[in-house]
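These are the residues of each chain, in order.
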Amino acid sequence: MMEKNREEWLNRPWQAVLAIPRWLQLSLIIGFVAVLPPLIGNYWTHVLAYVGIYVMLGIGLNVVVGFAGLLDLGYVAFYAIGAYSYAFLASPKFGIHVPFWAMIPACAALAALGGALLGIPVLRMRGDYLAIVTLGFGEIIRILINNLDALTNGPKGLLRIDPPTIGSFQFTTPTHFYYLILAGCLFTVFVTSRLNDSRIGRAWIAMREDQDAAALMGIDILKYKLMAFAIGASFAGVGGIIFAAKMGSIFPDDFSVMVSVNVICLIIIGGLGSIPGVILGAVVLIGIPEVLRAVAMYRMLAFGLLLVLMMIFRPMGILPSARRKLELKKED
Amino acid sequence: MSILFTPQVLIEQIINGLTIGAIYALIALGYTLVYGILLMINFAHGEIFMFGSFAGYVVLSWFFQSGFASHHPVLSIVMAFACGMLASSLLGILVERLAYRPLRKAPRLSPLICAIGVSIFLQNIMMLMVEAKILMYPDVFPEETVAVGPISISYFQILIIAGSILMMAGLYVFVKKSKTGKAMRAVSEDKDTAALMGVNVDRIIGTTFAAGSALAAVAGVMVGMYYGQISHMMGFVPGIKAFTAAVLGGIGNMPGAMLGGYILGIAEALGVLVLPAQYKDVIAFSFLVLILIFRPRGIMGEVVAERA
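These protein sequence lines map, in sequence, to chains C and D.
Residues in the first sequence are numbered from 1 upward in steps of one, following our numbering.
Residues in the second sequence are numbered from 1 upward in steps of one, following our numbering.
It is worth saying that the hints were derived from the structure and are not from the lab.
Note that CB positions come from ideal geometry on N, CA and C, so glycine has one too.
Keep in mind that a hint or two might mislead.
Short, incomplete list of chain C residues facing chain D, as computed with Cβ under 10 Å [stated by the list, open to error]: (1) Leu89; (2) Leu113; (3) Phe137; (4) Glu139; (5) Leu144; (6) Asn146; (7) Val257; (8) Val261; (9) Ile264; (10) Cys265; (11) Met300; (12) Leu309.
Simulated restraints, written as ranges between beta carbons of each label pair [to be verified]: (13) Ala116/C to Val78/D: 45 to 55 Å; (14) Glu131/D to Arg124/C: 42 to 52 Å; (15) Val274/D to Pro121/C: 22 to 32 Å; (16) Met258/C to Leu275/D: 37 to 47 Å; (17) Leu90/D to Leu24/C: 35 to 45 Å; (18) Pro105/C to Leu128/D: 40 to 50 Å; (19) Phe190/C to Met197/D: 56 to 66 Å; (20) Gly154/C to Glu131/D: 24 to 34 Å; (21) Arg101/D to Phe94/C: 20 to 30 Å; (22) Gly154/C to Phe68/D: 41 to 51 Å; (23) Gly154/C to Met197/D: 55 to 65 Å; (24) Arg203/D to Ala296/C: 57 to 67 Å; (25) Lys105/D to Pro105/C: 40 to 50 Å; (26) Leu24/C to Ile134/D: 50 to 60 Å.
Computed footprint of chain C on chain D, listed as stretches where at least three residues anywhere in the stretch have a Cβ under 8 Å from a Cβ of chain C [stated by the list, open to error]: (27) 55-63; (28) 109-118; (29) 238-247; (30) 269-282.
Kindly generate the complete structure, drawing on both the sequences and the hints.
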């Protein structure tokens with residue numbers, strides 16, 4: 001009984017919000033986010049844009065971890081593939097300057113290809129092995145970036161990467177990138193929520209809950225796992241290219257294993273499988289430490305503690321997906 | 001390059017590989033023990049290794065400052081190992097009690113994510129305690145070597161290789177012969193039935209964590225003495241590599257973990273002859289990926305049914 005009351009108390013504010021029609025909710029939120037930059041100034045716009053990149057990464061990884069239930073700890077590799085592909089083809093390094101917009105589908109495809117190539121051998125493994133192998137893969141990519149000096153300039157990084165342009169207009173200020181990233185986020189949210197509600201999404205969830213039962217129902221496990229892996233990777237690729245374009249220069253340290261861990265943390269703390277949860281997670285985990293520089297030292301300490309506490313006390317996250325909430329209740 | 005391939009260099013590299021391999025094997029045993037009993041990857045094991053190394057450091061540097069080490073060098077080294085083992089065991093038991101026990105019945109990914117959380121937490125606690133500095137381990141061993149023909153081996157390498165074999169043999173006998181060891185095997189076979197037979201399952205799981213952590217601490221103190229410096233980051237890469245070793249040998253299988261450790265250490269040491277040293281870690285990780293693709297149950301592992 002106590003448990004039930006607590007549940008209700010936790011969910012009451014959300015029920016009030018959920019009573020508003022969905023289209024109105026969405027347009028209010030998007031409208032609010034869209035008018036922010038002039039109101040909050042350059043610094044905050046920059047912080048929010050940074051959060052936005054993590055929202056994209058989080059939503060992409062959420063497809064892999066939350067929807068399909070595959071714990072991928074090497075997600076940063078695909079982010080790096082996107083960023084470095086753009087940097088190779090749009091910087092003075094090789095003197096090639098492919099336009100940003102052409103590179104977006106190219107990077108998404110490349111990252112998806114990387115995801116599939118990694119996926120084909122490893123997806124047959126058990127869940128926890130998969131986690132460690134992907135972690136190893138992420139490290140291999142980082143070590144390669146760090147050491148293939150001829151290609152990546154090693155730790156010196158790739159500099160003067162082209163900004164995106166539309167005609168003669170160039171994306172330069174934080175506000176420009178803010179809108180670019182916002183568009184990217186909206187696109188990712190749209191695609192993943194459509195996917196989640198589709199036949200593919202249902203197949204993923206069936207597979208996550210009971211692989212054998214799903215296979216018996218005629219779901220091609222390997223195909224759907226591979227699909228989740230490739231789709232998730234392609235979002236990271238797009239996140240990577242936007243990151244490279246925004247920063248103008250990239251270094252191997254931008255692609256450490258901590259990026260993967262951060263993204264995993266934010267989707268777990270926000271609510272596995274839930275898109276609003278991912279957004280909230282990104283704001284809390286990436287935005288707040290960015291602002292509170294003074295406590296930045298304690299940031300990872302708090303992350304670690306949060307992960308443990310969440311797993312023990314609220315494994316569905318702060319804003320759980322409706323489906324997952326039901327599932328977790330049943331297990332009690 | 002080819003000039004490096006004299007038999008002498010080859011043998012010396014194999015000895016270096018055995019030294020590192022002994023350390024991997026000690027850590028790998030902790031993974032295998034815990035996996036055997038709880039079917040979970042204790043991701044924080046690398047951090048427990050790191051804490052053991054720091055505990056040994058604290059004891060050793062205290063002995064050095066007080067001058068005790070110059071009168072009783074052997075005793076101070078033994079004390080450093082003992083304190084490291086004690087500290088790590090306590091930490092292992094504490095982590096199991098606080099973080100893993102509540103999740104024993106949870107879906108499979110929850111304990112793994114929880115373990116990642118513990119690992120991040122422990123690493124950052126240590127970072128705050130030492131202010132992210134790299135600490136210099138006190139110099140206990142003189143840099144002396146014995147010459148066997150044209151090959152020279154340092155005394156410390158002999159100590160690491162012999163010490164690790166001794167420790168592992170001790171553990172093996174403990175698990176195979178003692179009453180507690182029998183209970184450990186019973187729990188890993190079937191927790192509920194073991195409980196019905198009067199085995200205190202919680203206590204046995206605690207013992208398992210303590211034993212694995214103590215071996216990790218031995219490895220930690222050895223690494224500190226061998227390389228001469230330690231940092232709060234030192235647990236991550238050896239942790240992953242030792243996991244690779246455990247998988248290579250067949251996770252859950254104790255002799256397999258030891259064998260896996262030595263093979264991985266030698267493969268790395270020989271790999272450095274062919275590839276630039278920066279790619280050493282790539283060798284280990286590629287090894288892991290390849291084993292899991294072609295022989296996921298490892299060299300000595302039993303067939304484990306696929307479970308999502």
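Review point. Minimum Cβ distance from Asn146/C to chain D below 10 Å?
Key: 7 Å, holds
Review point. If you take the shortest Cβ to Cβ gap from Leu113/C to chain D, is it below 10 Å?
Key: Result: violated, 17 Å to nearest chain D Cβ.
Review point. In this structure, is the beta-carbon distance linking Arg101/D and Phe94/C contained in 20 to 30 Å?
Key: Since Arg101/D and Phe94/C have Cβ atoms about 55 Å apart, the given range 20 to 30 Å is violated.
Check your understanding: Can the suggested window of 41 to 51 Å be confirmed for the beta-carbon pair Gly154/C and Phe68/D?
Key -> 46 Å, holds
Exercise for review: Answer holds if the nearest beta-carbon of chain D is closer than 10 Å to that of Glu139/C; otherwise answer violated.
Suggested key: This interface hint holds because 6 Å falls under the 10 Å limit.
Exercise for review: Hold the hint about Val257/C up to the distance rule: shortest CB distance to chain D must be less than 10 Å.
Suggested key: Holds, about 8 Å.
Practice item. Double-check Leu309/C for me: the hint is only fine if its C-beta lies closer than 10 Å to a C-beta in chain D. Key: 8 Å, holds
Review point. Between Arg203/D and Ala296/C, is the Cβ distance one that fits in 57 to 67 Å?
Key: 41 Å, violated
Check your understanding: Can the hint on Leu144/C be confirmed by a CB-to-CB distance to chain D that is less than 10 Å?
Key -> Where the cut-off is 10 Å and the nearest Cβ of chain D is about 7 Å from Leu144/C, the hint holds.
Exercise for review: Hint says 50 to 60 Å; check whether the CB-CB distance for Leu24/C and Ile134/D agrees.
Suggested key: 56 Å, holds
Review point. Regarding Ala116/C and Val78/D, is the given constraint of 45 to 55 Å on their beta-carbon distance met?
Key: Since Ala116/C and Val78/D have Cβ atoms about 54 Å apart, the given range 45 to 55 Å holds.
Review point. Per the CB criterion, is Val261/C less than 10 Å away from chain D?
Key: With a closest approach of 7 Å, the Val261/C hint holds.
Consistency with the previously given hints fails for numbers 1, 2, 16, 17, 21, 24 and 27, ordered from lowest to highest.
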